[in-house]
Amino acid sequence: VLGISVLPESKDGSGIIYEILNDSGTCRGVPAILFEIVDKRCSQYWRAELKENGGLVFWPEEFFIKYFHDDLSEGLAEAVSSFESVVARMKEEFDQQERKNWTSTN
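For the record, in the sequence shown the residue sitting at position 71 is 71 according to my numbering, with numbers rising by one throughout.
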(Lines of atoms letter the chains of each structure in order from A and count residues from 1; the text may use other names and numbers.)
(Lines give C-alpha, C1' and ligand atoms only; values in the text may rest on other atoms or scores of the structure.)
Protein backbone atom coordinates (compact mmCIF):
# COMPACT_ATOMS: atom_id res chain seq x y z
CA VAL A 1 0.00 0.00 0.00
CA LEU A 2 1.51 3.29 -1.12
CA GLY A 3 -1.05 5.49 0.61
CA ILE A 4 -4.43 5.52 2.34
CA SER A 5 -7.35 7.88 1.82
CA VAL A 6 -10.33 8.09 4.15
CA LEU A 7 -13.32 9.64 2.42
CA PRO A 8 -15.69 11.63 4.66
CA GLU A 9 -18.97 10.57 3.04
CA SER A 10 -18.72 6.91 4.03
CA LYS A 11 -19.28 5.53 7.51
CA ASP A 12 -19.32 1.80 6.65
CA GLY A 13 -15.64 1.35 5.78
CA SER A 14 -16.15 1.47 2.03
CA GLY A 15 -14.82 5.03 2.02
CA ILE A 16 -11.31 3.87 2.89
CA ILE A 17 -9.17 3.68 -0.23
CA TYR A 18 -5.76 2.05 -0.55
CA GLU A 19 -3.44 3.53 -3.15
CA ILE A 20 -1.64 0.49 -4.56
CA LEU A 21 0.86 -0.36 -7.25
CA ASN A 22 -1.23 -2.02 -9.94
CA ASP A 23 -0.19 -4.64 -12.51
CA SER A 24 0.64 -1.98 -15.10
CA GLY A 25 3.07 -0.29 -12.71
CA THR A 26 1.00 2.77 -11.87
CA CYS A 27 -1.06 3.91 -8.90
CA ARG A 28 -4.62 2.70 -8.44
CA GLY A 29 -7.12 3.50 -5.68
CA VAL A 30 -9.03 0.44 -4.48
CA PRO A 31 -11.56 0.01 -1.65
CA ALA A 32 -9.89 -1.22 1.53
CA ILE A 33 -12.85 -3.49 2.20
CA LEU A 34 -11.48 -5.81 -0.52
CA PHE A 35 -8.28 -6.48 1.44
CA GLU A 36 -7.10 -8.00 4.69
CA ILE A 37 -4.31 -6.31 6.66
CA VAL A 38 -1.40 -8.73 6.96
CA ASP A 39 1.32 -6.23 7.94
CA LYS A 40 0.39 -3.55 10.47
CA ARG A 41 3.41 -1.30 9.91
CA CYS A 42 3.00 2.18 8.42
CA SER A 43 5.52 3.77 6.14
CA GLN A 44 7.84 6.36 7.61
CA TYR A 45 7.36 8.27 4.34
CA TRP A 46 3.65 8.90 4.84
CA ARG A 47 2.45 12.34 5.78
CA ALA A 48 -1.04 12.83 7.19
CA GLU A 49 -3.21 15.64 5.89
CA LEU A 50 -6.79 16.60 6.62
CA LYS A 51 -8.47 17.71 3.40
CA GLU A 52 -10.96 20.59 3.12
CA ASN A 53 -13.82 18.13 2.50
CA GLY A 54 -13.09 16.37 5.79
CA GLY A 55 -11.17 13.52 4.20
CA LEU A 56 -7.92 12.30 5.68
CA VAL A 57 -5.00 11.03 3.64
CA PHE A 58 -1.76 9.28 4.49
CA TRP A 59 0.43 9.69 1.44
CA PRO A 60 4.07 10.03 0.53
CA GLU A 61 5.10 13.66 0.02
CA GLU A 62 5.14 13.31 -3.77
CA PHE A 63 1.44 12.42 -3.91
CA PHE A 64 0.60 15.91 -2.61
CA ILE A 65 2.15 17.64 -5.63
CA LYS A 66 -0.58 19.44 -7.54
CA TYR A 67 -1.91 17.24 -10.38
CA PHE A 68 0.53 14.45 -9.49
CA HIS A 69 -1.99 11.64 -10.00
CA ASP A 70 -3.27 13.17 -13.25
CA ASP A 71 0.28 13.58 -14.56
CA LEU A 72 1.10 10.02 -13.55
CA SER A 73 -1.95 8.58 -15.30
CA GLU A 74 -1.00 10.55 -18.43
CA GLY A 75 2.50 9.09 -18.30
CA LEU A 76 4.36 12.39 -17.91
CA ALA A 77 8.04 11.59 -17.43
CA GLU A 78 8.57 13.67 -14.28
CA ALA A 79 5.57 12.14 -12.49
CA VAL A 80 6.49 8.60 -13.59
CA SER A 81 10.07 9.05 -12.39
CA SER A 82 8.87 10.47 -9.07
CA PHE A 83 6.40 7.60 -8.66
CA GLU A 84 9.05 4.99 -9.41
CA SER A 85 11.25 6.63 -6.76
CA VAL A 86 8.42 6.43 -4.20
CA VAL A 87 7.83 2.75 -4.95
CA ALA A 88 11.54 1.90 -4.73
CA ARG A 89 11.97 3.82 -1.48
CA MET A 90 8.97 2.16 0.16
CA LYS A 91 9.96 -1.32 -1.01
CA GLU A 92 13.45 -0.77 0.37
CA GLU A 93 12.02 0.51 3.65
CA PHE A 94 10.11 -2.70 4.27
CA ASP A 95 12.81 -4.98 2.84
CA GLN A 96 15.27 -3.49 5.36
CA GLN A 97 12.80 -3.99 8.22
CA GLU A 98 12.22 -7.62 7.16
CA ARG A 99 15.99 -8.28 7.06
CA LYS A 100 16.39 -6.68 10.50
CA ASN A 101 13.52 -8.75 11.94
CA TRP A 102 14.87 -11.94 10.39
CA THR A 103 18.41 -11.46 11.70
CA SER A 104 17.22 -10.57 15.21
CA THR A 105 15.17 -13.77 15.46
CA ASN A 106 17.79 -16.14 13.97
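In case anyone wonders, no lab produced these hints; they're calculated from the structure.
Some hints could be false.
[Claimed, not checked] In silico DSSO-like cross-links for lysine-lysine, where the CA-CA straight-line distance does not exceed 27 Å:
1) Lys-66 / Lys-91
2) Lys-40 / Lys-91
3) Lys-51 / Lys-66
4) Lys-51 / Lys-40
[To be verified] Simulated restraints, written as ranges between beta carbons of each label pair:
5) Thr-26 / Phe-94: 13 to 21 Å
6) Gly-75 / Ile-33: 17 to 25 Å
7) Arg-41 / Ser-85: 31 to 39 Å
8) Asp-95 / Glu-74: 12 to 20 Å
Every residue gets a Cβ at the ideal spot worked out from N, C-alpha and C, and that includes glycine.
Checking each numbered hint in turn, tell me which of them this model violates, lowest number first.
6, 7 and 8
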